[in-house]
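A.B. asks: Since the structure of chain A is already known, use the hints to place chain B on it.
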Amino acid sequence: MPISPLAPGAFRSSNAANLLTNTRISLDDLQRQLATGKKSQTFGGLGAQRITSLNLRAKLSEVEGYQSTITMFQIRARQLDLNLNQLGKIGDDVRSFTFLPQYNPDSTGKTSIQNYVKDRFNEAIDGLNLQVNGTYFFSGRSTDVRPVLDGATILNGDAAGRAGVTQLITERKAADYGVLASAGRVTRGGAGTNATLTEDGTHPFGFKLTAASSTAPGITSALTVGPPADITFNVAANPLDGQQVRFELTLPDGTKQSVALTARAAPLSPTASAGEFEIGATPAATAGTLRTALGLALDREATTTLPSASAKAAADVFFAGSINSPPLRVSGPPATATALVAGSAANTVIWYQGDDQAPSARLTQQAKVDTSLTVGVGAQANEEGIRRLMASLSVFVTESYSAANPNDQGRFQAMSDRLRTSLGAVSGQQRVQDIQIDIAMSATTMKLAGERHRTKINFVETAIAEVEDVNQEETAAKLLSLQTKMQAAYQTTAIISRLNLTDYLR
Amino acid sequence: MGLSTALNSSLSGLRITQSQMEVVSQNIANVDSVGYSRRKLNVVQNLSGATTSGVRNAGIQRQLDALVQRQLRTETSGASFTDVKARYAEQLDRLFGEPGKAGSLDSIVNSFASALQTLTTNPSDFTARAQVMSNAQQLAGQLNGLTADIQTLRNNAETNISAGVTRVNELLQNIKGIDAKVFGEGVTSANSAGLLDERDRMINELSGLIEVNVATQNNGSVSIFTNGGLQLYGPGNAVQLSFDARSGIDSNDLFTTNPATRGVGTIRIANATGTGADLIAGGLFRSGSIGAEIDMRDKVLVEAQTQLDDLAAGLAASLGDRNPTTSVTTGVNAGFDVALADVLVPGNLAMKAGNTLSIEVNTPTGPQRFQFIATNGSAPNPIPASEGEDGATIIRYDRAGGFAGLQAAVAGALGGGFTVSLQPGNVLRVVDAGGGNTVTDTRASFSTSGLTGEGPELQMFVDAAAGNVPYTGSLDGLNPQKRGFAGRIGVNGNLIADTSKLVVYNTTPGSVTPQGDSTRPRLLLDRLTNAQRSFSAGSGIGDTANGIRTSVTQFARRVVEDQGANATQALNIDDGQKLVLRSVEARFSETSGVSIDQEMSDLVQIQNAYAANARVIGAVKELFDTLLRIGA
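Keeping their order, the protein sequence lines are chains A and B.
First residue of the first sequence: 1307, per the working numbering; consecutive thereafter.
First residue of the second sequence: 205, per the working numbering; consecutive thereafter.
Bound-form chain A, shown alone (with noise of 0.2 Å):
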């Protein structure tokens, strides 16, 4: 109130009228508490506590801010674990069929578990390819791109002319398979009473030689560990019937083949199997049938195990293809490369479009629910254990096979066992169900968090009505008083103005 200038004598009812005046703001004030439930309108008038109303108002934003980001990260990971759960259900459905595998290769040479495979690999795509409010979930931090592509150009291309897996896993075929004289890239050779096995050169391709032995006296082996890597067989003196050379092949998606022949008395009986090899007369004329079987034995393994595992790491290296890292394609005319390469974008289809920089997958996607607590629920569909999976589910898919060919029912089951071995367990390696229980573990600590943060917020609602609030029975007290007291000073400054000598002389 602004100060007004003095009248002496009317200093006695000016000063009446102030009191009461004031008395009156106070009420008012006191009212508009009770109306509000608020203490004041200022921060001046919540007095010394002012700062703590504004440091728990900060504090109630925080908490409410990690409440919000626990809420939708949790409605991340809840989404997150119910298609990983698909994912690895796919897996499992498709495993249990590998045990009795039916094969019924229709015209177009694929067989109808194929088909239901082809199915479940789709079904996958379109799990990884999830997306909620316009963001997915499977691209790490490119929450913006669509992480895979469609299954038809993942398998067998686009029109531009970029290579689908199908095309990379034919010619990484024909890469390990090499000419028919040297089937599997080793050159078979050998005189007198040696025979012989040579890498036919340093490259990734074909069987790679890792062992041999003999359990014959009289037959030593030689490995050379190269690359390229040779091994030699000595025939110094004729084995016994019954005794073998061994040697070990490692195949080019790393799982090793071991090859035994054995020793059999001559004359080799026509239903021999191919795993044998006829003593001759002389260890000179063992070696001649030794270097015969040894070639069989690899034409063999060429045809059967050999292209189911050029298929596997061809899809494997596809699979693990990525915007910055594109998959390494067979150099030049296949038979006879030596070297993988880069594609480009250019020229083979990259399957996974989305972040491929984040050095862990899970922190692509974190969020601070706590002061010092910071969870992780991002996903790429380029993980191990979902690249395992589809590398798996296609390559199965991409084969084809021929009623009329009889060889392919084998190389139909070898793809079966393939399948089965790659889509179990493999110790070292991430599986489909690891990531889930990553992504389970954070909800778990988000969902803890949560419930410190409602507790929190709890207390410091409380702790901040006890700031600002009026507490409304003291209030109403107060004006109730208060009233009462204006009323008697009211009344009383009433019969003080009425009491005037000038109302006594008559």
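Simulated from the structure, these hints should not be mistaken for laboratory data.
Since this is a predicted model, take the numbers as computed values, not measurements.
Keep in mind that a hint or two might mislead.
As the list claims (entries may be wrong) - No farther apart than 20 Å at their CA atoms in a straight line, the calculated lysine to aspartate or glutamate pairs in the EDC-like style are these:
{"id": "1", "chain 1": "A", "residue 1": "1344", "chain 2": "B", "residue 2": "302"}
{"id": "2", "chain 1": "A", "residue 1": "1416", "chain 2": "A", "residue 2": "1714"}
{"id": "3", "chain 1": "A", "residue 1": "1344", "chain 2": "B", "residue 2": "294"}
{"id": "4", "chain 1": "B", "residue 1": "305", "chain 2": "A", "residue 2": "1772"}
{"id": "5", "chain 1": "B", "residue 1": "503", "chain 2": "B", "residue 2": "448"}
{"id": "6", "chain 1": "A", "residue 1": "1345", "chain 2": "B", "residue 2": "294"}
{"id": "7", "chain 1": "A", "residue 1": "1791", "chain 2": "A", "residue 2": "1780"}
{"id": "8", "chain 1": "A", "residue 1": "1345", "chain 2": "B", "residue 2": "730"}
{"id": "9", "chain 1": "B", "residue 1": "305", "chain 2": "A", "residue 2": "1780"}
{"id": "10", "chain 1": "B", "residue 1": "305", "chain 2": "A", "residue 2": "1767"}
{"id": "11", "chain 1": "A", "residue 1": "1365", "chain 2": "B", "residue 2": "730"}
{"id": "12", "chain 1": "A", "residue 1": "1365", "chain 2": "B", "residue 2": "302"}
To be verified - Coverage of chain A stretches by chain B, computed from C-beta distances (three or more under 8 Å per stretch; other residues unrestricted):
{"id": "13", "segment": "1639–1651"}
{"id": "14", "segment": "1672–1683"}
What the hints assert, rightly or not - Restraint-style ranges between C-beta atoms, simulated for each label pair:
{"id": "15", "chain 1": "B", "residue 1": "433", "chain 2": "A", "residue 2": "1326", "range": "56 to 64 Å"}
{"id": "16", "chain 1": "B", "residue 1": "385", "chain 2": "A", "residue 2": "1326", "range": "17 to 25 Å"}
{"id": "17", "chain 1": "A", "residue 1": "1384", "chain 2": "B", "residue 2": "697", "range": "50 to 58 Å"}
Where is the CB? At the ideal position from N, CA and C, for every residue including glycine.
C.D. replies: Chain B alone, transformed into the frame defined by chain A:
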């Protein structure tokens, strides 16, 4: 002695009672008049020679306690001062909004932080981005609005000072006029009471505007001095004050003693030669409403503006400044590397005008702190300590010296206990040279200039009114960039045009930031709510000598808190001052106030006296009648 004497005495009695009646009627009529003091007719016997012949009027006397009157003036000055301050403080407090309501500064800051937090959970979401932008614009708008409000208050103060000065001049002229009349012709001390009351009323009003000392001369004339001893009025001579009011005052218009740079008006004595000394600079207005208006205009509101400017600067710099320092160990010596090269233009110094480099060291003689502040050459030399942080030694560095110049400057400041070298790629290396010396901390605050390519920091807030210019805290030019920045701050126009830059901080092919990358939002949130930075001492928050080191959001809360505390304090002081004033007024009124009861009882007395005098005349008449009958 005879009947005629008695008759004369009674007649004088009748006359005097009529005069008394006149005084009583005046008293009653003026019971509510401002500045009217109760008057009393002094009645004395009328002596003729040694004999009393009736009664006479010895003059009308004002009922006045000079000591209380002096106190009243002092307290009126004080109360006017506190009253004006309290009203301003209350308005300021109101500006910051209602606790917990959406419009209050703290909740706007909190909402901005929340929006950033939401963005971290879903960086590619357009709604989340739009939310951050809208909150950022709201925050900038709030700071602009508060600045406008504060500057409006300062303009009001300027207008009020102007009006106050005009009134002071009027009052002084009036006092001069009355003083002249009091001693003029036809006025006697017996009838001067009214004029004196009027003069006192003027002086009282004057004391509400300026604190004054009044010296009363023996002849009743007065001399009026300000508290600082400047004579405003001496008999016949009233000083004329002038005020060169400015209009459209903004944050850059401050009071200085230098007329060339002064942005607001000042009060001078207008004299024949033009204008006299600057009275505001002389500190002559310490009380009264003019003093309060000056205090608000030049101190309190400027400080509030500084707080907002600090907040705005903190906001822009904390989100947009890089700190390219890494700790380094060379053998047994440890220290820090600072990448000095501009990321976008490697040949340039990344330290832009106003950017700082702080180095804290520990030497055998104790800890030391150096802050290098860059300039393009026109910053004040030396840079005032108030622009620096935490009582550090402030070193002005002219960017023209380049990389090597900075190395030399740092080496020179740190002395022999440290090795300062320039590594390849223009990396400044500061390591100890043993002997009990250690480099405890190195902090750089280098402004980014664009939206991308310089790391996850973001020039989200810029000097929008200056044309979307990055905020570097430059001290160059007429006004430091920080001054009034709260009024100019805005969201970077380039960011408004492309909100994806809230997330994307790298557009180099091959390492383009994915749309869902939360690195930048998380950094912004952390810089806003967590990272500590120094705020200047000029804001009056924290340690007044050293400023305060805290987070931006915490500083925003401290600003609101400080204004609230100021308002409460001002109101409390005002309440106390009003109470003092009231008690002095009460004491003054006891003596000088008209009491109707008193006047009524006086009236009864006067009536009785009149009746008695009339009765005496009646008796004299009867006696004369008796005498005349004897003769008949």
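A.B. asks: Compare the structure with each hint and give your call.
C.D. replies: Now the hints, each set against the structure:
1. 1344/A with 302/B: Roughly 10 Å between the alpha carbons, so the hint for residue 1344/A and residue 302/B holds.
2. 1416/A with 1714/A: 11 Å, holds
3. 1344/A with 294/B: Satisfied, since the Cα-Cα distance of roughly 18 Å is no more than 20 Å.
4. 305/B with 1772/A: 17 Å, holds
5. 503/B with 448/B: Given pair residue 503/B, residue 448/B holds - Cα atoms ~19 Å apart, limit 20 Å.
6. 1345/A with 294/B: The hint holds at about 16 Å.
7. 1791/A with 1780/A: 16 Å, holds
8. 1345/A with 730/B: Answer violated: residue 1345/A to residue 730/B is near 33 Å, above 20 Å.
9. 305/B with 1780/A: At roughly 24 Å apart (the allowed maximum being 20 Å), residue 1780/A and residue 305/B break the hint.
10. 305/B with 1767/A: 14 Å, holds
11. 1365/A with 730/B: Within the cut-off at roughly 15 Å; holds.
12. 1365/A with 302/B: 18 Å, holds
13. 1639–1651: violated (count 0)
14. 1672–1683: Holds: 3 residues of the segment 1672–1683 of chain A have a Cβ under 8 Å from chain B.
15. 433/B with 1326/A: 56 to 64 Å: Taking Cβ atoms as reference, residue 433/B and residue 1326/A lie about 42 Å apart, which means the hint is violated.
16. 385/B with 1326/A: 17 to 25 Å: 40 Å, violated
17. 1384/A with 697/B: 50 to 58 Å: Between residue 1384/A and residue 697/B, where Cβ atoms are some 40 Å apart, the hint is violated.
Violation of the numbered hints given earlier is confined to hints 8, 9, 13, 15, 16 and 17; the remaining hints are satisfied by the structure.
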